[in-house]
Amino acid sequence: MRQLFSLLLLSLVALCFAPHASAADYHEQLVLRPLPLSALLASFNFRSNTTLSAFEAHNFRFFPRSLGQILQHAGTRELHLRFSLGRWDAESWGARPWEGAREGGTGVELWAWLEADTDEEADRKWRTLTNALSGLFCASLNFIDGTRTTRPVMSFQPEGNHPNSTMTNMHLLYGVLPHEVVCTENLTPFLKLLPCKGKAGIATLLDGHKLFDASWQSMAIDVRPVCPPGGECVLEMEQTIDMVLDIERSKRPRGNPIPRPPPAHELKCDTSKPYHSGDTCFPADYNANQDWSLSQIFGRTMKGTCPLTDPNVPPVCLQVPNSRGVYITGGATEKKNLDLVSRCYEIAPDTPEFEMVLPRPESNEESGQAAVVVQEVVKPETPLLYAERSFTGHGQEHGGVQTILRNPSPDTEVEFIYMETLPWFMRIYLHTIEARIEGQAGASKQDPLIQEVYYRPAVDRARGTQLEVRMRIPPASTVFLTYDFEKSILRYTEYPPDANRGFDVAAAVITILNPNPNPNATSPRFAAYNLRTTSLLCSLPTPDFSMPYNVIIFTSTAIALAFGGMFNIIVRRFVAANEGPEMTLTAVKERLRKRFGGFLQKYRGKADEKKSE
Amino acid sequence: MPSVNFASILTSLRSRTYTTRLPLFTRGVLVAILAFWIAGIQSLWDVRAWGGLAPDQVGITTLYRLNTFPFIHLNIFHALMNALALAPLLERFESEHGTLTSLALFFGPLTTIPAFIYLFVEKFILRSNTSVMGASMWIFLLLGIEAIRTYRVNPYFVISTYNIPTWTSPLALLVVIAALVPSSSFLGHLSGLIVGYICGLGYLKFLAPPEKVLRWIEARLNLLGRLPYYISIDQKTYGRFGVLPSSGSPSRAGALRLRRDPRILKLPPYLSLLCILVGVVWLFLLPLDEYSRRTYISENALLPGQVHTYFGGSDQNVFRAYKHEVNSLVGKSNVEINDKLESIVKGLGLKAGRQNFTYRSAGRVYSGENLYAILQAPRGDATEAIVLVAAWENAKEELNRNGVALVLTLARYFKRWSLWSKDIIFLVTPDSIAGPQAWVDAYHDAHDSARVDSLPLKSGALQGAIAIDYAKEGRFESVHVVYDGVNGQLPNLDLINSVVSIAGGQMGMGVAIQEMWGHNDQYPDRLRTMLRGMLKQGLGLASGPHSSFIPYHVDAVTLQPFGDGWQDEMAMGRVVEGTFRSLNNLLEHLHQSFFFYLLMQRERFVSIGTYLPSAMLVAANFTIMAIALWVKSGQPESEAEPVKKEAGSTDSEEMTRPTVERDLFLPLGVVTLCQFLAVVPLYLFNHAPESMLTPTFTIFAIINTALPHALSHLLMTYYTPSAQQYQLIKSFSLLLLGMFLSSLATLNFSLAFLVGLLASPLTFMRPWPQSPAMRIACTVLLNAVAPTAVLVTAALAWHLDINTVLREAAFAWDVCGMYTPVVVWCVWWPAWLAGSVTVLGRPEVGKKKQKMT
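Which chain is which? The protein sequence lines are A and B, in order. Going by full-length UniProt numbering, the first residue of the first sequence is number 1, and it counts up by one from there. Going by full-length UniProt numbering, the first residue of the second sequence is number 1, and it counts up by one from there.
No lab work stands behind these hints, which were simulated from the structure alone. All of these numbers come straight from a predicted model, not from anything done at the bench. Certain hints may be false.
Below, simulated EDC-like cross-link-like pairs (lysine to aspartate or glutamate); rule was C-alpha separation at most 16 Å, straight line [what the hints assert, rightly or not]:
#: 1; chain 1: B; residue 1: 472; chain 2: B; residue 2: 397
#: 2; chain 1: B; residue 1: 332; chain 2: B; residue 2: 393
#: 3; chain 1: B; residue 1: 332; chain 2: B; residue 2: 369
#: 4; chain 1: A; residue 1: 379; chain 2: A; residue 2: 355
#: 5; chain 1: A; residue 1: 210; chain 2: A; residue 2: 238
#: 6; chain 1: B; residue 1: 351; chain 2: A; residue 2: 185
#: 7; chain 1: B; residue 1: 346; chain 2: A; residue 2: 91
#: 8; chain 1: A; residue 1: 379; chain 2: A; residue 2: 115
#: 9; chain 1: A; residue 1: 125; chain 2: A; residue 2: 145
#: 10; chain 1: B; residue 1: 123; chain 2: B; residue 2: 56
#: 11; chain 1: B; residue 1: 632; chain 2: B; residue 2: 603
#: 12; chain 1: B; residue 1: 415; chain 2: A; residue 2: 388
#: 13; chain 1: B; residue 1: 346; chain 2: A; residue 2: 291
#: 14; chain 1: B; residue 1: 351; chain 2: A; residue 2: 207
#: 15; chain 1: A; residue 1: 268; chain 2: A; residue 2: 248
#: 16; chain 1: B; residue 1: 323; chain 2: A; residue 2: 590
#: 17; chain 1: B; residue 1: 351; chain 2: A; residue 2: 145
#: 18; chain 1: B; residue 1: 396; chain 2: B; residue 2: 515
#: 19; chain 1: A; residue 1: 251; chain 2: A; residue 2: 238
#: 20; chain 1: A; residue 1: 192; chain 2: A; residue 2: 248
#: 21; chain 1: A; residue 1: 251; chain 2: A; residue 2: 310
#: 22; chain 1: A; residue 1: 303; chain 2: A; residue 2: 346
#: 23; chain 1: B; residue 1: 323; chain 2: A; residue 2: 270
#: 24; chain 1: A; residue 1: 273; chain 2: B; residue 2: 515
#: 25; chain 1: A; residue 1: 197; chain 2: A; residue 2: 185
#: 26; chain 1: A; residue 1: 336; chain 2: A; residue 2: 350
What follows is a list of derived Cβ distance ranges for each label pair [said to hold, decoys possible]:
#: 27; chain 1: A; residue 1: 567; chain 2: B; residue 2: 46; range: 52 to 58 Å
#: 28; chain 1: A; residue 1: 493; chain 2: B; residue 2: 41; range: 51 to 57 Å
#: 29; chain 1: A; residue 1: 549; chain 2: B; residue 2: 75; range: 49 to 55 Å
#: 30; chain 1: B; residue 1: 154; chain 2: A; residue 2: 459; range: 34 to 40 Å
#: 31; chain 1: A; residue 1: 545; chain 2: B; residue 2: 663; range: 52 to 58 Å
#: 32; chain 1: A; residue 1: 549; chain 2: B; residue 2: 77; range: 27 to 33 Å
#: 33; chain 1: B; residue 1: 356; chain 2: A; residue 2: 312; range: 32 to 38 Å
#: 34; chain 1: B; residue 1: 690; chain 2: A; residue 2: 493; range: 55 to 61 Å
#: 35; chain 1: B; residue 1: 397; chain 2: A; residue 2: 323; range: 26 to 32 Å
#: 36; chain 1: B; residue 1: 356; chain 2: A; residue 2: 549; range: 25 to 31 Å
#: 37; chain 1: B; residue 1: 46; chain 2: A; residue 2: 545; range: 47 to 53 Å
We put the CB at the ideal spot given by N, CA and C, even for glycine.
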């Protein structure tokens, strides 16, 4: 991935100095990388630039107008929006694409730098921004309210170049919706922001069925101002879609997606087993699905190239060892890179369709030895850190969170910031936070793992907990970071109205710091690597709403009415001082007179007054 | 003058309870209602057709209907409710107006006028023909009178600034009864009420028979002298707007009197016996159709059996290969087995983890290594998981060859689907109890890290678990669902229902529960199933790999194929597939109130509301007796005194009758001692090594027989306890027993019921100072139901070694946290000990009396 990134940077730098800046305003690229366990990582990257002056003048060319107006209205200087689904399997797939910088936790994640004079103004603008984006992307972003918004202190740094004058009154706000299910309705507006709208170029491969059947996928939108040295500042918008497809699953025809058992003669068996026979088959289809074509895995072929794209950037790149053969349609040319593990394809502008076929590697299958695998995929790069988070404990009163952090590097220590955004109903006990190295009893005093803690406690029903921990993990060791929390009891209206599966807790964000930051770099890359844990499901004590309701309503009504009335009349007896008067006609007359006599008198009085007048 | 009158009446009234106080006419009416109900039971003569007020039947010859209809009722409940409501009202009316007046009024105008109103409206205005009967018309009539009277004194009651006239309250009742009680006649009640109002306002006074005539009749016939409970015309002045017996101190005095009535204290033993009998009979009624219900799926999201299952075809070939692999591992060590299995599951692309555990119990070491693999939901986010368990050895220590091979094949099959919303964990444990227990404990971080390793890999919250126990070779016929958890906890019934509906309904195979291999759904089979279930629940032992999951609120069952039929391994796999698809549908954790039930057939169950009373009644018998003994111990020994004295004259004396001071120290000490002694057997049996269990038990059983004698002897030698102290010993011990058992009944119904039943003789034990024969008989009986004796008898009945029983109990206590030993040794045994001491006691009666006087 690093090679890819350096490639992109190089091309970017090259583009910046190109005489025709307008040609470099938009480019797109798809990078395909087969992963172990018959998976395929597809990274789509779309980048469009607009000069800040054109942006200020509402002069939109490649930059989508709908988004641009929202950003201007909400005073947003830098925006990062993520839609993610599934989980990245770092054990098998290695390091994340883009060093983890273009992915979010499960659900929707949004952080932005807003220009505002006061916190209240920033909050107001943030509300405007979330509500507008909610409409634009068909996501429940408007539910990012005060309880879900935090202001991270250490974890995020602006990626763009901001003048020092605006830096002082920029506010970083961060919100996350872990329960949001990302689906096709989010993809459609995403594609609409592209200049070619998914009608040409690599975006034609983006099909909702395949994208959301992926084992992991992340859609990202990043908007930031970039000031190349010596050039004019531009507002850069980068749209990224990364997905990991299961090749076997993707190759199934869309009309028949059910994985029925294949006919017995199609099973790939390990013939070396002594018991192998016609009706006994030890499966050997592990790692077998390394042959695929673009149309098989994406369900369609690529429809030419986007005419607006920078012709200098090859639209499709493939990362397989150079030894593997690849078939492509005519009109495209292959360019192998010097690093021996990647190659790119340049497609002539008039090519109607582009298809690529990766045949099964010529392994020595005849010998029947699956173990002797020809180097058919690039060995994944080891990530800087593995992280896994889970709940501990059981019951509905207390719980704990345990994060297992493993530094695989044999000689480098890792320093990172661990950030948790917890909902208010998880009341954490900060004194229980503890980091210990596996195999050691307690936290060692002289070399503390936890170096700095930033903690902003929750306020019930108003804001969530924000916890940022700066840690350092020695080489080749595993650290358990644990803390306990208490579950609070919600009011009954605070439960969501739908089936209650629990409450999702947002993923923890881990930002690995650059070990030796270059002080005089123009854009200091603050984070070397980002990763996010999976989200958690926290179950709170939940009443069975219907039952007590029925029981209480029915029984209390029956008892109150029937029993109460009857009992009262039967039992109560009043004691009078003397016997009441008998009810006779004269008594009724008397009573009537008493009641209405007053009116009569008044009336008469009035009549008398009138008379006297 | 009136005050004297009041006093004499009140005192005489006080001497009678309410029922004996009912005046003559009221009695007559109640008896008539009862008589007509009895007459209505037979089918020869339709009383209801004869006497009901049917508008088109009323002619000049059938005018009797106008008077008979209040006595005739539809059914026993109708009669009972009306009689209950009528008695106090009519009693009051009669005691105000006198028996003769009531007779005249209620056989005359007060019945016929409403009847005529009803007939008129029904026949000529509504033009329908609804027959009415029952005394409720009278009730409303009397309520109307009372309401008007109340209105005169207290015209309004205030509800948040609204003044509501009190006379409207019967109207509200009228509406409520019309709404709530089916087939009640609104019109009939209304006509009664209207007449009641008119009567209450005094407009019907002219209808009352003249006093002079009544007085004359009364004097002539000497009715007051001849008839009991007769209320004379002269007595009627009492009560009317005066101080009445229902208000103020007289009633309290009545209650006090009631409490002091020696007959009350004779009641509790019978009441206790009744409780036990009703409790047992109740249990035996449960299998009837009227008391049990058909099962149904409460969680609609499960949709069991609604999906096609595709497991089969070439998966059979894979299964055979895995079976070969499993067979080749037989006899190898745990670690070697796991090495091989791990390479297979990793080959399938699953994440695998291992966990070591070592438990020590009764001198034995249970250790092993669990292997588990996580299939991460393809698009999921690791928040939830379901578990598929196969123990290498099942609970009977048979090799679970097919089960393990099936789990591997299913893992490969499930991996191909992308629809899983939850992770699937495949767990292979070396044994059926300790392995799953260690794994589940570690999954929830509730493990003791000295004995059980932490899990290297984890997933989300567990939502359900299925265990496969498939040791049987060859084809099978049906599936046996094992569902008992540790300590009698049960999985949600919806899970069992889903399995039953998938296996029985969709796959067409039989489903059995509680080892009832054949079940004809008749009463004996249902009862047997239920009792087996209760016994297992009561013992609280883990019955399979699923048992350990249930305490963590993870619903789990074990599926065991049995019988000879034509179902193969693939069919079993499809059952698991279908169940997993159902669990996969779950939006929320199974939460419906389906955790407490007794199954009596695979599709019949009893819910807690229906069965709980039986255990509660058994537990209540101890509490009743304990309270009775407490009350009794506070009274002087009444056997020596004449029971009943003249009414009226004893009143003041009884009010100030002295209570005896209770000597609490000794009884409390004895009961506390018994409770503390209970720690000894609990500790012994849970810590003795295996070889020492049988000797320990034998010695303990012998000591147990002698212990009551020794204790009793000690007591009598050093303290010479009185009868009261024995009563208190028994009272306290029974109170504790009742309290423990009734709270236990909500947690483990069966255990509470069984212990309650076995301890029920304790209720009736008392010292027999005069009769050594009875003392010996009681001692023998008590020794027959001693915990130790019951343990031996049960072991003999099931052909078990006592050593095995004790070892299993210790294992379950150490590993699974089973609390049955606590209940046996710390609840049942102390009560038994205290009971035995009581039986052997010989209180000194004479000495006691001296002390008292």
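We went through each hint and held it up to the structure:
Of the supplied pair hints, the one linking residue 472/B and residue 397/B holds, its CA atoms being roughly 12 Å apart against a limit of 16 Å. Between residue 332/B and residue 393/B the CA atoms are separated by roughly 13 Å; this keeps the pair inside 16 Å, and the hint holds. With a CA separation close to 13 Å, the supplied pair residue 332/B and residue 369/B stays within the 16 Å bound. Between residue 379/A and residue 355/A, the direct Cα distance comes to roughly 25 Å. Violation of the 16 Å bound is thereby established for this hinted pair.
Under the criterion of a C-alpha separation no larger than 16 Å, the hint pairing residue 210/A with residue 238/A is inconsistent with the structure, at around 22 Å. Between residue 351/B and residue 185/A the alpha-carbon distance is near 33 Å, which puts this suggested pair outside the 16 Å criterion. Of the supplied pair hints, the one linking residue 346/B and residue 91/A holds, its CA atoms being roughly 12 Å apart against a limit of 16 Å. For the proposed pair residue 379/A and residue 115/A, the alpha carbon gap of about 44 Å is over 16 Å, so the pair is violated.
This hinted pair checks out: residue 125/A and residue 145/A have alpha carbons roughly 12 Å apart, not beyond 16 Å. A distance of roughly 8 Å separates the Cα atoms of residue 123/B and residue 56/B; the hinted pair therefore holds under the 16 Å criterion. With a C-alpha separation of about 49 Å, the suggested pair residue 632/B and residue 603/B falls outside the 16 Å cut-off, and the hint is violated. For the hint linking residue 415/B to residue 388/A, the alpha-carbon distance of about 22 Å lies beyond 16 Å, and the restraint is violated.
Straight-line distance between C-alpha atoms of residue 346/B and residue 291/A comes to about 22 Å, which puts the hinted pair past the 16 Å bound. Between the alpha carbons of residue 351/B and residue 207/A the distance comes to roughly 30 Å, so the proposed pair goes past 16 Å and is violated. This hinted pair checks out: residue 268/A and residue 248/A have alpha carbons roughly 14 Å apart, not beyond 16 Å. Annotation: proposed proximity of residue 323/B to residue 590/A is violated, straight-line Cα distance about 105 Å (limit 16 Å).
This hinted pair does not check out: residue 351/B and residue 145/A have alpha carbons roughly 38 Å apart, beyond 16 Å. At roughly 14 Å between alpha-carbon atoms, residue 396/B and residue 515/B fall within 16 Å of each other, so this suggested pair holds. Taking the CA atoms of residue 251/A and residue 238/A, the gap is near 30 Å; set against the 16 Å cutoff, the hint is violated. The straight-line distance between the Cα atoms of residue 192/A and residue 248/A is roughly 30 Å, outside the 16 Å bound, and the hint therefore fails.
Restraint check: the Cα-Cα separation between residue 251/A and residue 310/A comes to about 32 Å, which exceeds 16 Å; the hinted pair is violated. For the suggested pair residue 303/A and residue 346/A, the alpha carbons sit about 14 Å apart, so the restraint of at most 16 Å is met. With a C-alpha separation of about 15 Å, the suggested pairing of residue 323/B with residue 270/A holds against the 16 Å cut-off. A distance of roughly 40 Å separates the Cα atoms of residue 273/A and residue 515/B; the hinted pair therefore is violated under the 16 Å criterion.
Simply put, residue 197/A and residue 185/A have alpha-carbon atoms about 15 Å apart, close enough for the 16 Å limit, and the pair holds. Of the pairs offered as hints, the one joining residue 336/A and residue 350/A is violated, with about 22 Å between alpha carbons and a cut-off of 16 Å exceeded. Checked against the hint of 52 to 58 Å, the pair residue 567/A and residue 46/B fails, with Cβ atoms roughly 36 Å apart. Restraint check, residue 493/A to residue 41/B: a C-beta distance of roughly 55 Å satisfies the suggested window 51 to 57 Å.
The supplied range of 49 to 55 Å is broken by residue 549/A and residue 75/B, whose beta-carbon atoms lie about 33 Å from each other. At roughly 53 Å, the beta-carbon separation of residue 154/B and residue 459/A lies outside the given 34 to 40 Å, and the hint is violated. A hinted range of 52 to 58 Å holds for the C-beta pair residue 545/A and residue 663/B, which are about 54 Å apart. Look at residue 549/A against residue 77/B: about 29 Å separates their beta carbons, and that is inside 27 to 33 Å.
Between residue 356/B and residue 312/A the C-beta distance comes to about 59 Å, which lies outside the given range of 32 to 38 Å. Between residue 690/B and residue 493/A the beta carbons are some 58 Å apart, a value that agrees with the proposed interval 55 to 61 Å. Our hint of 26 to 32 Å for residue 397/B and residue 323/A is violated, since their Cβ atoms are close to 54 Å apart. Against the hinted window of 25 to 31 Å, the Cβ-Cβ separation of residue 356/B and residue 549/A comes to about 49 Å, which falls outside the hint.
Taking 47 to 53 Å as the suggested C-beta distance range, the pair residue 46/B and residue 545/A conforms, at roughly 50 Å.
Of the numbered hints stated above, those contradicted by the structure are hints 4, 5, 6, 8, 11, 12, 13, 14, 16, 17, 19, 20, 21, 24, 26, 27, 29, 30, 33, 35 and 36, listed in ascending order.
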